[in-house]
Amino acid sequence: MKRRGEAAGRSVRGGAPGLPVLAAVLVLTWSVASGCRAGRAAAPKRHVVEIEQFVYRPDTLRVGVGDTVAWLNRDVVPHTATDGAKAWDSGILGKDAEWRMVPTTPGVHHYLCALHPTMKAVLIVEE
Amino acid sequence: MNTRPRPAAYPTLFTLAALLAAGAACANNSDSAASAADEQQGQPASEVQPQAASAAAAPALDDADIAAIVVAANTIDIRYGEIARERATNAQVKEFAETMIRDHTAVNKSAAELVTRLGVTPRENDVSRSLEAQAAEMRETLKTKSGAEFDRAYIDNEVAYHRAVLQAIDETLIPNAKNAELKQTLVGVRPAIQAHLEHAELIQRSLTTGT
Numbered sequence: 001m002k003r004r005g006e007a008a009g010r011s012v013r014g015g016a017p018g019l020p021v022l023a024a025v026l027v028l029t030w031s032v033a034s035g036c037r038a039g040r041a042a043a044p045k046r047h048v049v050e051i052e053q054f055v056y057r058p059d060t061l062r063v064g065v066g067d068t069v070a071w072l073n074r075d076v077v078p079h080t081a082t083d084g085a086k087a088w089d090s091g092i093l094g095k096d097a098e099w100r101m102v103p104t105t106p107g108v109h110h111y112l113c114a115l116h117p118t119m120k121a122v123l124i125v126e127e
Numbered sequence: 001m002n003t004r005p006r007p008a009a010y011p012t013l014f015t016l017a018a019l020l021a022a023g024a025a026c027a028n029n030s031d032s033a034a035s036a037a038d039e040q041q042g043q044p045a046s047e048v049q050p051q052a053a054s055a056a057a058a059p060a061l062d063d064a065d066i067a068a069i070v071v072a073a074n075t076i077d078i079r080y081g082e083i084a085r086e087r088a089t090n091a092q093v094k095e096f097a098e099t100m101i102r103d104h105t106a107v108n109k110s111a112a113e114l115v116t117r118l119g120v121t122p123r124e125n126d127v128s129r130s131l132e133a134q135a136a137e138m139r140e141t142l143k144t145k146s147g148a149e150f151d152r153a154y155i156d157n158e159v160a161y162h163r164a165v166l167q168a169i170d171e172t173l174i175p176n177a178k179n180a181e182l183k184q185t186l187v188g189v190r191p192a193i194q195a196h197l198e199h200a201e202l203i204q205r206s207l208t209t210g211t
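From first to last, the protein sequence lines are chains A and B. Residue 1 is where the first sequence starts when you use my numbering, and the numbers rise one by one after that. Residue 1 is where the second sequence starts when you use my numbering, and the numbers rise one by one after that.
Fair warning: there could be bad hints in the mix.
[Said to hold, decoys possible] Under the rule of at most 20 Å between Cα atoms (straight-line distance), these lysine to any residue pairs were calculated in the SDA-like manner:
id, chain 1, residue 1, chain 2, residue 2
1, B, Lys94, A, Ile92
2, B, Lys109, A, Pro78
3, B, Lys109, A, Ile92
4, A, Lys95, B, Asn108
5, A, Lys120, B, Arg190
6, B, Lys94, A, Pro117
7, B, Lys145, B, Gln134
8, A, Lys95, B, Ala106
[Stated by the list, open to error] Chain A stretches covered by chain B per the calculated footprint, using a threshold of three residues with CB under 8 Å from any CB of chain B:
id, region
9, 73-82
10, 110-120
Hints listed in this document are in silico derivations from the structure and should not be mistaken for laboratory results. Where a beta carbon is used, it is the ideal one built from N, C-alpha and C, also for glycine.
One chain only, chain B, in its complex shape:
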C-alpha cells in the first residue's frame, strides 16, 4: 500500500511552475525558468514536462496578476487542507493540514491588506485560472481516497505543490514583481513555503518508514 510510485494525478502540480515560468519567459524574454520542476530527488514527474511547452504563450505578469496568483496559490492549499482535515487519519498529517490552513489563511490576509494599501486589485489571469482548474482536479482525486492511501496522497501532493510554489516564487513571482513592497512580501513568504516543504518531507519520510 505504501509503495513509492506517485499517482499519475500529480502532473497538475508541476504545471504550476511551468505555467508561471511561461509567463515569466514572456516577460523576461528568457526560457531558463522553464526548467524541470521535478529535478529534486524522489519526485518522478518527468512524464508531464511536455505541458510546460504548451503554456509558452502565456502573457507577461504584472503586479495585479502576481497578486491574484499569490491569493490563488494560498487558497488552493487551504482547500487541500480542508479536505485533509476531514479525511486524514494519521495524527501528523492532520496537524500538518491544520498548520497549512492556519498559515496560508494568515498569508492571504496579509496579502489582502498589502494590495489594499497599495491600491493593487488582484486580476485573474490565465495562470491563476489554470492553477485553480488543476487544483479542482486534484481535489476530486483526493476525495476518492481514504485512510492511509489518502494520507500518503495528500502529503505527496503537499511536497510537490510547495516545491513548485517555491520554484515559482524564485523564478517568476519575485523577478517580475514591480512594486518593492510586493516584492519584499514575496521574499518574506518564501521561508514559510520552504519550511512547509521541509515539514511535509519529514512526514512523507515518516509515512514511508512507518515511524
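Only chain A is shown next, with the shape it has when bound in the complex:
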C-alpha cells in the first residue's frame, strides 16, 4: 500500500530496441556541442511530485528521458496521476502512497487525477 507501481512505472512504452545506442551517442554529442547544458546528459535524476491539498506540486515538471518521477500522495483522500492520452496511469494512490515512473520517450504529458478531474498538471519529458 505504501509503495506501489515501481514496475508499473516502467510500463510507459519505450523507443525501438535498436535505437538506444545511437540515441545515446546523439545525446552525448549534442550535450557536448551545446556546451554543458547542465544535467541533461548526466546521471538520471529522481523527481518528486507531491500531491497535497488537491494540487500537484510542482504543477509543471521538466524531466529527462530515463529520470525517475515519483508521485507521492500527502492527502487523506485518494488520488491518481493519469496521463490524458492514457499512456500511463498510477492507479489509485491512498494516503502516503507513492508511484514511480521512468519516462523513456520525450513528450509533453497533460495529466490529471481520474477521481478529481479539476486537478491537472503537466509533465514535460526532454531528451
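Fit chain B to the supplied structure of chain A, relying on the hints for placement.
Frame of chain A; chain B shown alone:
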C-alpha cells in the same frame, strides 16, 4: 425534463450555512456570517433565506461541537452518495457518487483519528442535529426520483451542499476552532470541498447541455 429551475426541496441545504452562521454569530458577536448562501450564480434559493433568521439563537460552537458537525457533514454526503450509487443512471454521476463516498469516508476516518488523539469527544448539538434532520428529508426526496430526473436532482443537491459546506468552513468552523490542529485539519479539508464543488458543477453543466 432537464429544465433549469431547482426543486423546492433544496432549501434545506441552504440552512446549513445559515445554522452554522448563526452559531458563529453567537460566538463571534457578529452577524456578517449569515450572508446569503445562494449568491453564487445560478443558485436560486432566495426564498429560503428567512430560515437563517430563525436559527439566530443557536449556541456558540466549541471544538467538540465542530467535530460533531464535521462528522455529520461528511456522513450526510456519504449517504447521499449511497443513494446515488443505487439510483443514478448517468456514468459521470455514478462515478462522482463513488468519489464522494470514498473521499468523505477518508475524511471522516482522519477526523476520527484526530479527535481521538486530541481527546476531543464530538458532541451532538443543535446544528449537527438540524443538519441530519434536513438531510433525512432530502434523502426521502431523492428516493422519490429516478433516471435523468434523479441524476439532475442529486447533482444539483451536491453543488448546493458543497457550496454551503464551503461557506460554513470559511465563515464558521475555521474561525471558531480553538485547537490549532483541528483548525489546520479544517483548512486542509477545504480544497477537497472546493474540488468536489467544481467537479459537481462540471457534471451539472454537462447534464444541462447533454454533452
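Given coverage of the region 73-82 of chain A by chain B, checked by CB-CB distance under 8 Å (3 or more)
holds (count 4)
Does Lys95(A) pair with Ala106(B) here, judged by a C-alpha cut-off of 20 Å?
Within the cut-off at roughly 9 Å; holds.
Within 20 Å, alpha carbon to alpha carbon, are Lys95(A) and Asn108(B)?
holds, 14 Å
Under the criterion that the straight-line Cα-Cα distance not exceed 20 Å, is the pair Lys109(B), Ile92(A) satisfied?
holds, 18 Å
Checking one constraint from the list: CA of Lys109(B) to CA of Pro78(A), max 20 Å. Satisfied?
Since the Cα atoms of Lys109(B) and Pro78(A) sit roughly 13 Å apart, the hinted pair holds (cutoff 20 Å).
Could you grab the alpha-carbon distance between Lys94(B) and Ile92(A) and see if it respects the 20 Å cut-off?
holds, 17 Å
Just to be careful, I want the Cα atoms of Lys145(B) and Gln134(B) compared with a cutoff of 20 Å; is the pair within it?
holds, 18 Å
Compare the distance between the alpha carbons of Lys94(B) and Pro117(A) with 20 Å, and conclude whether the hinted pair is satisfied.
holds, 15 Å
Pair hint outcome, Lys120(A) versus Arg190(B) [Cα-Cα no greater than 20 Å]:
holds, 18 Å
For the region 110-120 of chain A, do three or more residues have a beta carbon lying closer than 8 Å to a beta carbon of chain B?
holds (count 5)
In summary, this structure violates none of the numbered hints.
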